[in-house]
Amino acid sequence: MHAFTHEFREAGAAPRDHKLMIHDLVIAGWTGRDLAAVEHHIKELEAIGVPRPPSVPCYYRVGAQLLTTAEEIQVPGGTSSGEAECVMLASDDGMLIAVGSDHTDRKVETYNITVSKQMCPKPISRDVWRFADIADHWDKLILRSWITEGGKRSLYQEGAWSNMRPAPELIEKGFNGAKSLPAGHAMFCGTLGAKGGVRPGERFDLELHDPVRNLSLKHGYDVRSLPM
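Residues 8 to 235 (this note's numbering) are what the sequence shown spells out, left to right.
Derived by calculation from the structure, the hints in this document are not laboratory data. Since we're looking at a predicted model, the values are computed, not measured. Beta carbons are placed, not taken as given, at the ideal position from N, Cα and C, and that holds for glycine. Just to be clear, a hint being listed does not mean it is correct.
Unchecked claim - Listed below are the simulated PhoX-like cross-link pairs for lysine-lysine, each with C-alpha atoms no more than 25 Å apart in a straight line: (1) K159 to K202; (2) K186 to K26; (3) K26 to K159; (4) K186 to K147; (5) K147 to K180; (6) K186 to K114; (7) K202 to K50; (8) K225 to K26; (9) K186 to K50; (10) K114 to K180; (11) K202 to K225; (12) K202 to K147; (13) K26 to K114; (14) K50 to K114.
Unchecked claim - What follows is a list of derived Cβ distance ranges for each label pair: (15) E46 to R133: 14 to 22 Å; (16) N221 to G84: 23 to 31 Å; (17) Y118 to K202: 25 to 33 Å; (18) E14 to F182: 35 to 43 Å; (19) P22 to A77: 16 to 24 Å; (20) R220 to L162: 33 to 41 Å; (21) M28 to A77: 14 to 22 Å; (22) R206 to G101: 34 to 42 Å; (23) G101 to D146: 18 to 26 Å; (24) G158 to V63: 33 to 41 Å; (25) L162 to R40: 19 to 27 Å.
With the sequences and hints as input, model every part of the structure.
Set out below in structure tokens:
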């Protein structure tokens, strides 16, 4: 069985390590609560040739071995881009939350979304939070990302997690009414629209900020484009 095994570090007042084996990775897409905002994201992807989803939300299954905490990824050509997302991780100590990037090949996405999501590594933070510690203020979390283009870094995404469907709802819809994320699973929870449109960059930086506890999960990675 292909799996991603890694030791994550719980951030906060009492840090501890969690060694997880993830053997099933799910990418949830079109997960916004605001249907107008979902439609905006659909249209910005349609603008680069990506077809409309058959329904919302959608759930794509991809290889768990694509998960990585590396600070550099290698991708084919120069047509891929990242997008910040909350990532749910099942553990024996309850669900954990990381910040990650559903890095996707946009050219392949124009003709097969599932295949496009299998084309690139999926970077995630090593630091995690317990979902139980943020469940009562989940909607107050702020998701941000920055893109570096031509050596210049600029804000790429920003918004409150209240724009997205709650974690229990995503789990219930994606796993036939389940009340918790099944053991060995990780799920990306969807993303926000990009400022200036979806596009490739040399580097992506991600942040999930908790304004109640004044804590942030962060990760950043360089993108190395391999010659075609």
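Do the hints match the structure? See the list:
{"no.": "1", "hint": "K159 to K202", "in the structure": "15 Å, holds"}
{"no.": "2", "hint": "K186 to K26", "in the structure": "23 Å, holds"}
{"no.": "3", "hint": "K26 to K159", "in the structure": "36 Å, violated"}
{"no.": "4", "hint": "K186 to K147", "in the structure": "22 Å, holds"}
{"no.": "5", "hint": "K147 to K180", "in the structure": "22 Å, holds"}
{"no.": "6", "hint": "K186 to K114", "in the structure": "36 Å, violated"}
{"no.": "7", "hint": "K202 to K50", "in the structure": "13 Å, holds"}
{"no.": "8", "hint": "K225 to K26", "in the structure": "19 Å, holds"}
{"no.": "9", "hint": "K186 to K50", "in the structure": "32 Å, violated"}
{"no.": "10", "hint": "K114 to K180", "in the structure": "29 Å, violated"}
{"no.": "11", "hint": "K202 to K225", "in the structure": "20 Å, holds"}
{"no.": "12", "hint": "K202 to K147", "in the structure": "21 Å, holds"}
{"no.": "13", "hint": "K26 to K114", "in the structure": "35 Å, violated"}
{"no.": "14", "hint": "K50 to K114", "in the structure": "16 Å, holds"}
{"no.": "15", "hint": "E46 to R133: 14 to 22 Å", "in the structure": "35 Å, violated"}
{"no.": "16", "hint": "N221 to G84: 23 to 31 Å", "in the structure": "40 Å, violated"}
{"no.": "17", "hint": "Y118 to K202: 25 to 33 Å", "in the structure": "26 Å, holds"}
{"no.": "18", "hint": "E14 to F182: 35 to 43 Å", "in the structure": "26 Å, violated"}
{"no.": "19", "hint": "P22 to A77: 16 to 24 Å", "in the structure": "22 Å, holds"}
{"no.": "20", "hint": "R220 to L162: 33 to 41 Å", "in the structure": "23 Å, violated"}
{"no.": "21", "hint": "M28 to A77: 14 to 22 Å", "in the structure": "18 Å, holds"}
{"no.": "22", "hint": "R206 to G101: 34 to 42 Å", "in the structure": "37 Å, holds"}
{"no.": "23", "hint": "G101 to D146: 18 to 26 Å", "in the structure": "20 Å, holds"}
{"no.": "24", "hint": "G158 to V63: 33 to 41 Å", "in the structure": "37 Å, holds"}
{"no.": "25", "hint": "L162 to R40: 19 to 27 Å", "in the structure": "22 Å, holds"}
In this structure, the earlier hints numbered 3, 6, 9, 10, 13, 15, 16, 18, 20 are contradicted, and the remaining ones agree with it.
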